[in-house]
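Using the sequences and the hints, build the whole thing.
One line per chain: the protein sequences are A, B, C, D, E and F, in this order. The numbering used here numbers the first residue of the first sequence as 10 and each following residue consecutively. The numbering used here numbers the first residue of the second sequence as 10 and each following residue consecutively. The numbering used here numbers the first residue of the third sequence as 132 and each following residue consecutively. The numbering used here numbers the first residue of the fourth sequence as 132 and each following residue consecutively. The numbering used here numbers the first residue of the fifth sequence as 73 and each following residue consecutively. The numbering used here numbers the first residue of the sixth sequence as 73 and each following residue consecutively.
Bear in mind the hints are in silico, worked out from the structure with no lab data behind them. Cβ coordinates follow ideal geometry from the N, Cα and C atoms, glycine included. Among these hints, one or two may not hold up.
Pairs of lysine to any residue residues, derived as SDA-like cross-links and limited to a Cα-Cα distance of at most 20 angstroms, are as follows [to be verified]:
1) D/K150 / B/N69
2) B/K94 / C/Q146
3) E/K94 / E/N133
Label pairs and their in silico Cβ distance ranges [to be verified]:
4) A/P115 / D/S134: 43 to 51 angstroms
5) F/K110 / A/N106: 44 to 52 angstroms
6) C/L201 / E/N133: 44 to 52 angstroms
7) D/E163 / A/K81: 42 to 50 angstroms
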Amino acid sequence: MATFSLLITANPYSNQGQYSALEFTKAVLEAGHIIKRIFFYADGVLVANRLNCPPADELNLTKSWAKLAIEKDIELTVCVTAALKRGIVNQAEAERNALTSESIDPAFELSGLGQLTEAMLASDRLVTFG
Amino acid sequence: MATFSLLITANPYSNQGQYSALEFTKAVLEAGHIIKRIFFYADGVLVANRLNCPPADELNLTKSWAKLAIEKDIELTVCVTAALKRGIVNQAEAERNALTSESIDPAFELSGLGQLTEAMLASDRLVTFG
Amino acid sequence: MKSVCFIFNKPPYGQGSGKELLDICLMCSAFEMPITVIFQGDGVLQLIENQQPDILNIKNYSKTFKALKLYGVETVLIDAAGLEKHQLVTENILNIGEIANSKIIQNVIQKTDFSIML
Amino acid sequence: MKSVCFIFNKPPYGQGSGKELLDICLMCSAFEMPITVIFQGDGVLQLIENQQPDILNIKNYSKTFKALKLYGVETVLIDAAGLEKHQLVTENILNIGEIANSKIIQNVIQKTDFSIML
Amino acid sequence: MKTLFILNNPTNLSACLEAIAKEDALLLIEDAVIIARKNIEYKHISLFALKEDLIARGINNTDASWELINYGKFVELTLAFDKSVTWL
Amino acid sequence: MKTLFILNNPTNLSACLEAIAKEDALLLIEDAVIIARKNIEYKHISLFALKEDLIARGINNTDASWELINYGKFVELTLAFDKSVTWL
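In structure tokens:
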């Protein structure tokens with residue numbers, strides 16, 4: 010049994026990387042391994058926007074990650090600096106920056122880049138999807 | 010005096026295209042030409058998110074477009090299909106899709122892809138920034 | 132009426148641009164603009180038969196290419212060099228256009244009022 | 132402590148990845164991980180002297196590379212083939228590392244516990 | 073340490089091969105699977121391509137030098153090697 | 073119709089040149105300006121590079137075959153040619 014963390018930087022709207030990461034995560038869990046943390050960075054953070062409304066015949070990546078996280082108790086961590094720049098904010102950040110509303114899906118958590126380093130040090134493998 | 014329209018598909022967070030388009034637009038106006046419409050499509054629509062909070066020492070592209078549009082009376086049109094997928098919604102779309110809030114900057118307007126074709130037919134030049 | 136050509140030059144699914152370019156193409160057809168569609172370079176991979184992106188939960192839009200004629204798209208050109216690069220022959224791809232060399236493709240791009248790629 | 136290397140392989144400003152990779156690098160230095168930074172291929176363009184992206188209202192982060200040593204980054208390698216490709220000599224670039232051939236770069240990537248690029 | 077290089081964009085192949093050493097392996101995913109049509113024979117590295125991405129793109133005539141694997145085997149590969157590098 | 077090709081990514085150069093015809097022109101912007109270090113001599117097309125993008129990147133030794141222009145001239149060029157194609 011091994012411990013994995015993922016670094017996801019892929020744009021969810023224009024790249025396949027988030028689809029690949031989702032399949033990889035499922036395969037890790039099916040093989041009985043552990044997911045320590047999934048860290049979203051750069052354009053990867055865009056998937057945490059709860060206002061995303063893909064067409065009805067396309068996969069909703071935001072909800073797919075949220076469902077997996079809740080069912081399997083996985084940490085979905087979103088880099089706060091990358092997120093703020095991209096309009097993904099929680100209630101606290103919205104207030105601090107005088108924004109009208111929060112926009113992050115509740116299954117994702119904003120945190121610092123240190124959470125990525127900490128995950129690297131605590132995992133057997135880090136796999137990047139960009 | 011010529012009439013220009015722009016098609017902008019560049020990701021505002023990860024590509025230079027929006028910066029280039031902004032400089033090009035200013036140069037068009039300085040030369041005394043007319044901007045018929047600026048049409049945001051694909052990842053280009055992300056610039057219309059009013060929750061975007063770039064670091065204080067970086068240019069706020071959303072506000073830069075909004076300022077230019079107000080000062081020079083320019084139409085900033087955002088493709089509604091591309092925008093909805095990317096969590097950029099106005100009040101009407103938010104209600105229709107049962108979302109918690111709107112997110113579009115008021116200087117931008119959601120509309121259909123037909124507005125791009127219409128702009129092509131009504132302009133002397135279409136210049137794309139991707 | 133002004134004419135337009137659309138240049139598909141990227142492989143499918145890795146990037147989302149194929150579907151988005153196709154949507155502009157269909158809109159221009161609704162305005163009855165004369166349209167040419169070009170599959171250039173890696174773009175010829177958009178036309179491979181039997182794509183099954185649904186196994187990755189990705190939507191298959193390749194069937195819409197078959198309907199281009201129905202939408203009034205007059206000319207579809209497929210880059211001979213692109214086919215050769217990817218070791219494809221006409222039997223491997225959707226039968227929706229003519230094979231064209233780079234000279235013909237250059238001429239179409241020069242002749243149309245707009246050329247759009249994404 | 133596990134070691135990590137960062138591979139910069141893209142030119143600056145056209146894409147945002149240079150700044151974002153640098154930020155991970157600085158965070159790993161705060162955790163006192165042994166760090167190697169590699170400028171490979173087009174990435175050597177990150178090191179050109181006298182960049183002035185501010186004329187386009189883009190932030191200049193190239194100065195932070197000069198501070199890598201201060202952040203405890205032990206080794207900075209600059210790809211000889213990348214310099215040659217872009218006709219650059221050491222006088223054109225920030226003096227922050229050693230020129231390395233592909234063999235040396237391969238060895239560093241193999242030796243470190245993590246290799247990250249964006 | 074043996075390294076698994078993961079490549080998702082065919083444009084980056086030559087730069088990626090520059091960084092690969094002898095006992096390493098290359099895994100093609102996403103758009104990069106189109107490379108698996110050819111034998112790239114290089115430094116005797118092991119060559120893999122993700123089957124799901126080939127099927128998605130309708131590519132069925134890969135060169136025999138590439139071992140086709142599914143996501144389960146992808147996970148195993150990341151453990152069989154000391155680390156993975158996603159070459160972006 | 074004379075066409076102005078606008079290129080912003082150096083990776084796409086060769087595919088773009090395939091599509092350029094004799095009376096056309098090529099304008100380098102953004103990351104593509106790094107191409108302007110060399111003489112690419114091709115079909116006698118006119119060659120331009122955006123000065124602001126060169127300055128931003130600290131590139132000052134361009135080949136004489138490239139005419140360096142500013143944004144004002146960029147706008148003029150789009151009118152001097154019958155249309156522009158941004159090669160993405």
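Of the numbered hints stated earlier in the document, which are not met by this structure? Those not satisfied are hints 3, 4, 6, 7.
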